[in-house]
Amino acid sequence: MTKFIDKMKSLLKKVKVFFVKVYLNVKNFYKNIIAKNVSKFFSIITHNKVLNMSYTEIILFNKFKIKRTNKRRAAFIGLSFIFLWIVGYLIFSFYPVFYSFFLSLHKVKLDGSDIQTQFKWFNNYRAAFLSDPYFVEILINYALSMILNVPVTIVFALIIALLINQDIRGKGVWKTIFFLPVIIASGPVIRELMAQGATTLPSIDEYGFIEMVVNNVGEFLARPIQALFDQILYVLWFAGIQILIFLAGLQKIDKSIYEASMIDGASPWESFWKITLPSIKPLITISVIYTVVSMSVFSLNEVIVYIQGKMFATITDALTNGYGYVATLAWVYFIVMALIILIFVGVLNIRGRKAK
Amino acid sequence: MSRYKELTKKISSYFTKDKDKTKSKFKRFIFGMRFTDGFAYKLIIYLMLFGLGYIYLYPLMYMISYSFMTMTDIIDVSVNWIPTKFTLENYRLVWEAINYPRAFLDAIILAGLPALSATISSALIGYGFAKYDFPFKKTLMVLMILTFIIPPQVTMMPTFRMYARYDLLGSIKTFIYPAILGQGFNGAIYILIFYSFFRMIPNSLMESAQLDGAGPVKIFMKIAIPLAVPAIIIVFLFSFVWYYNETYLSGLFLRDSNMLTLPLRVQQYIDSYASLYPEGSLASELMQSAKLAGNILTILPLLVLFFFTQKYFVEAIDKTGITGE
Chain A
244 MTKFIDKMKS LLKKVKVFFV KVYLNVKNFY KNIIAKNVSK FFSIITHNKV
294 LNMSYTEIIL FNKFKIKRTN KRRAAFIGLS FIFLWIVGYL IFSFYPVFYS
344 FFLSLHKVKL DGSDIQTQFK WFNNYRAAFL SDPYFVEILI NYALSMILNV
394 PVTIVFALII ALLINQDIRG KGVWKTIFFL PVIIASGPVI RELMAQGATT
444 LPSIDEYGFI EMVVNNVGEF LARPIQALFD QILYVLWFAG IQILIFLAGL
494 QKIDKSIYEA SMIDGASPWE SFWKITLPSI KPLITISVIY TVVSMSVFSL
544 NEVIVYIQGK MFATITDALT NGYGYVATLA WVYFIVMALI ILIFVGVLNI
594 RGRKAK
Chain B
716 MSRYKELTKK ISSYFTKDKD KTKSKFKRFI FGMRFTDGFA YKLIIYLMLF
766 GLGYIYLYPL MYMISYSFMT MTDIIDVSVN WIPTKFTLEN YRLVWEAINY
816 PRAFLDAIIL AGLPALSATI SSALIGYGFA KYDFPFKKTL MVLMILTFII
866 PPQVTMMPTF RMYARYDLLG SIKTFIYPAI LGQGFNGAIY ILIFYSFFRM
916 IPNSLMESAQ LDGAGPVKIF MKIAIPLAVP AIIIVFLFSF VWYYNETYLS
966 GLFLRDSNML TLPLRVQQYI DSYASLYPEG SLASELMQSA KLAGNILTIL
1016 PLLVLFFFTQ KYFVEAIDKT GITGE
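Going line by line, the protein sequences match chains A and B. As numbered in the working numbering, residues 244 to 599 make up the first sequence, in order. As numbered in the working numbering, residues 716 to 1040 make up the second sequence, in order.
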């Protein structure tokens, strides 16, 4: 047995030595070859006949002189660092946004791989609200579920962050558990779990909690609550990043503030409302935006599934079909999402002003 | 007599005092003193932690336990968590159906290369935003954050057309090109992480290097990058996980190609099975455990990765100070 253990130890040592070697090789390679050649390459670019950059001025073609001030230099360098992003933004973000808005105002016909467009003003938008039998209903459902789910997610994230921030054992383990959903929450996995009914807690159903609510509160209020409990796990699983955001914020609060308030006779409850909450308020706004966005772009979202279904619909002649219509749906969806974000942020800010 | 009275008084007072003392000690133990938490408080905290932890781990445990069950166990209502006989049959079924080693390799490449390019580009971009002033910087940053908020559905149609025209569909290029231009999946977040990380590096460090004659590129390569190792690891891990789990865009761009992400491949297998046997039939219900086994196989690489790198994941936001704005 001991022999075996020794063997394993030596093996592990060898593995370690191997990895250290690899690391050193990579480091040397970076230092000697990549870093050197990159700087060499840039010095060639900046010192030639077409473009000669000295410290005080730039000379183009040995004729045109441009003065280099510190400010200009910094601006140029900074812009060249984000040059990649600007190009990418124009190609992959600006152009598609612009083009999809363009499409949403048109009736689009696919002719092989060519696109034929017909300008139709806001016909598509009118069709989305008046002719489409499902879209408005789905959208209202989505908005209601957002208004219900987002505060729940935020509150639970805050509770969990506060719990982890206490003086407890195994902080790392708890953090790991609550962060796990971020790692494994992919569309198919969650779809499967929902199909199997694993996102509702069986214990809640068993004790008839929801029925009690239905009986006592009435149908109108009970239905959203039931919907919430039906997917409580699904909602909680979106809280991973928010927990970390809150936790980071909580750890940045100065402990001496709590001590001072305690000496002045504040209860933990009071110090939560008067110290903790105000100091992490900006983080709440960030988490709300993050929650709305991540829930809205999640691939199992009703609206998204509907839009994707429309996109690959085979009949393109109908009023509520085709690329232009899909673009319209997406834009309406985005506007609703932005409105929801604005409502949440506005509510948070109104409360803040009153507190002041 | 008076002496006796005094004595009893003394004794009784002694006892009551002692009683008070034990009582207060007990009270202190349960409810805590000014600066330490009591037992009851701790109990409540741990109870809540265990409750929430149970809720979080429930689906995972459910998946693991059901994926090991035989068909008879699934039908049997009395078998709840622990299967009567552990079987690897479900795993074998999925493993062979999707050719797991190949699919795994594909998934690693499909997530790894875009993640790598996203890391490199967002390091550059974040550094540019953090350390230099230029006109319209604020506007550009707002635009960058807007790219995160605009749902992919808005831009998807034109992007899809664009990729189709340039023949990028169905290959890994569909992910690498946007990623290398800083427009990858959740690209704004990576840039923001690097942005806040580079902002924490003191300017004086760079100024002294500049005085010693280092150019901006040299400063970036020799000072900023070595100092930003935690941010690099974090961004790479996050983008790897997000690319790995991404199913919406990859389902669109990679359809009909033979290089699929692992979640998509498992999904394809499940769908093909579902089309063979209609929903509600006995056979499709018996497939439950195989589906769950497939899902376990999907998330297994991530679980292993997470197990080794959880420190970085969990401390990510702490260290990079994404919240510092």
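I should point out that these hints are in silico values taken from the structure, not numbers from a laboratory. Just to be clear, a hint being listed does not mean it is correct.
Below, a list of computed lysine-lysine pairs in the DSS-like style, where the Cα atoms sit at most 27 angstroms apart [said to hold, decoys possible]:
no.: 1; chain 1: A; residue 1: Lys246; chain 2: A; residue 2: Lys259
no.: 2; chain 1: B; residue 1: Lys933; chain 2: A; residue 2: Lys310
no.: 3; chain 1: B; residue 1: Lys1026; chain 2: A; residue 2: Lys264
no.: 4; chain 1: A; residue 1: Lys270; chain 2: A; residue 2: Lys292
no.: 5; chain 1: A; residue 1: Lys517; chain 2: A; residue 2: Lys414
no.: 6; chain 1: A; residue 1: Lys495; chain 2: B; residue 2: Lys888
no.: 7; chain 1: B; residue 1: Lys888; chain 2: A; residue 2: Lys314
no.: 8; chain 1: B; residue 1: Lys1026; chain 2: A; residue 2: Lys414
no.: 9; chain 1: A; residue 1: Lys279; chain 2: B; residue 2: Lys937
no.: 10; chain 1: B; residue 1: Lys1026; chain 2: A; residue 2: Lys270
no.: 11; chain 1: A; residue 1: Lys314; chain 2: A; residue 2: Lys283
no.: 12; chain 1: A; residue 1: Lys279; chain 2: A; residue 2: Lys292
no.: 13; chain 1: A; residue 1: Lys264; chain 2: A; residue 2: Lys252
no.: 14; chain 1: A; residue 1: Lys270; chain 2: A; residue 2: Lys283
no.: 15; chain 1: A; residue 1: Lys283; chain 2: B; residue 2: Lys937
no.: 16; chain 1: A; residue 1: Lys363; chain 2: A; residue 2: Lys350
no.: 17; chain 1: B; residue 1: Lys937; chain 2: A; residue 2: Lys495
no.: 18; chain 1: A; residue 1: Lys495; chain 2: A; residue 2: Lys414
no.: 19; chain 1: B; residue 1: Lys888; chain 2: A; residue 2: Lys292
no.: 20; chain 1: A; residue 1: Lys264; chain 2: A; residue 2: Lys292
no.: 21; chain 1: B; residue 1: Lys852; chain 2: A; residue 2: Lys524
no.: 22; chain 1: A; residue 1: Lys257; chain 2: A; residue 2: Lys274
no.: 23; chain 1: B; residue 1: Lys757; chain 2: B; residue 2: Lys1026
no.: 24; chain 1: A; residue 1: Lys250; chain 2: A; residue 2: Lys264
no.: 25; chain 1: B; residue 1: Lys853; chain 2: A; residue 2: Lys310
no.: 26; chain 1: A; residue 1: Lys524; chain 2: A; residue 2: Lys495
no.: 27; chain 1: A; residue 1: Lys257; chain 2: A; residue 2: Lys270
no.: 28; chain 1: A; residue 1: Lys259; chain 2: A; residue 2: Lys270
no.: 29; chain 1: B; residue 1: Lys937; chain 2: A; residue 2: Lys264
no.: 30; chain 1: A; residue 1: Lys414; chain 2: B; residue 2: Lys757
no.: 31; chain 1: A; residue 1: Lys274; chain 2: B; residue 2: Lys933
no.: 32; chain 1: A; residue 1: Lys252; chain 2: B; residue 2: Lys1026
no.: 33; chain 1: B; residue 1: Lys757; chain 2: A; residue 2: Lys498
no.: 34; chain 1: B; residue 1: Lys1026; chain 2: A; residue 2: Lys256
no.: 35; chain 1: A; residue 1: Lys283; chain 2: B; residue 2: Lys933
no.: 36; chain 1: B; residue 1: Lys933; chain 2: A; residue 2: Lys314
no.: 37; chain 1: B; residue 1: Lys1026; chain 2: A; residue 2: Lys553
no.: 38; chain 1: A; residue 1: Lys274; chain 2: A; residue 2: Lys264
no.: 39; chain 1: B; residue 1: Lys933; chain 2: A; residue 2: Lys279
As the structure is a computational prediction, the values presented were derived from the model and not from experiment.
Results of checking the hints against the structure:
1. A:Lys246 - A:Lys259: holds, 20 angstroms
2. B:Lys933 - A:Lys310: holds, 23 angstroms
3. B:Lys1026 - A:Lys264: holds, 24 angstroms
4. A:Lys270 - A:Lys292: Roughly 35 angstroms between the alpha carbons, so the hint for Lys270 of chain A and Lys292 of chain A is violated.
5. A:Lys517 - A:Lys414: holds, 26 angstroms
6. A:Lys495 - B:Lys888: violated, 41 angstroms
7. B:Lys888 - A:Lys314: violated, 38 angstroms
8. B:Lys1026 - A:Lys414: holds, 11 angstroms
9. A:Lys279 - B:Lys937: holds, 10 angstroms
10. B:Lys1026 - A:Lys270: holds, 23 angstroms
11. A:Lys314 - A:Lys283: holds, 25 angstroms
12. A:Lys279 - A:Lys292: With a Cα-Cα distance of about 23 angstroms, the restraint between Lys279 of chain A and Lys292 of chain A holds, given a limit of 27 angstroms.
13. A:Lys264 - A:Lys252: holds, 18 angstroms
14. A:Lys270 - A:Lys283: Judged against 27 angstroms, a Cα distance of about 19 angstroms means the pair holds.
15. A:Lys283 - B:Lys937: Holds - the C-alpha atoms of Lys937 of chain B and Lys283 of chain A are around 14 angstroms apart, at most 27 angstroms.
16. A:Lys363 - A:Lys350: holds, 6 angstroms
17. B:Lys937 - A:Lys495: violated, 30 angstroms
18. A:Lys495 - A:Lys414: holds, 17 angstroms
19. B:Lys888 - A:Lys292: violated, 37 angstroms
20. A:Lys264 - A:Lys292: Not satisfied, since the Cα-Cα distance of roughly 44 angstroms exceeds 27 angstroms.
21. B:Lys852 - A:Lys524: holds, 26 angstroms
22. A:Lys257 - A:Lys274: The hint holds at about 25 angstroms.
23. B:Lys757 - B:Lys1026: holds, 25 angstroms
24. A:Lys250 - A:Lys264: holds, 21 angstroms
25. B:Lys853 - A:Lys310: Status holds; Cα separation ~26 angstroms.
26. A:Lys524 - A:Lys495: Satisfied, since the Cα-Cα distance of roughly 13 angstroms is no more than 27 angstroms.
27. A:Lys257 - A:Lys270: holds, 20 angstroms
28. A:Lys259 - A:Lys270: holds, 16 angstroms
29. B:Lys937 - A:Lys264: holds, 21 angstroms
30. A:Lys414 - B:Lys757: holds, 14 angstroms
31. A:Lys274 - B:Lys933: holds, 11 angstroms
32. A:Lys252 - B:Lys1026: holds, 25 angstroms
33. B:Lys757 - A:Lys498: Answer holds: Lys757 of chain B to Lys498 of chain A is near 19 angstroms, not above 27 angstroms.
34. B:Lys1026 - A:Lys256: Cα-Cα ~23 angstroms, so holds.
35. A:Lys283 - B:Lys933: holds, 10 angstroms
36. B:Lys933 - A:Lys314: holds, 19 angstroms
37. B:Lys1026 - A:Lys553: violated, 43 angstroms
38. A:Lys274 - A:Lys264: holds, 15 angstroms
39. B:Lys933 - A:Lys279: Roughly 9 angstroms between the alpha carbons, so the hint for Lys933 of chain B and Lys279 of chain A holds.
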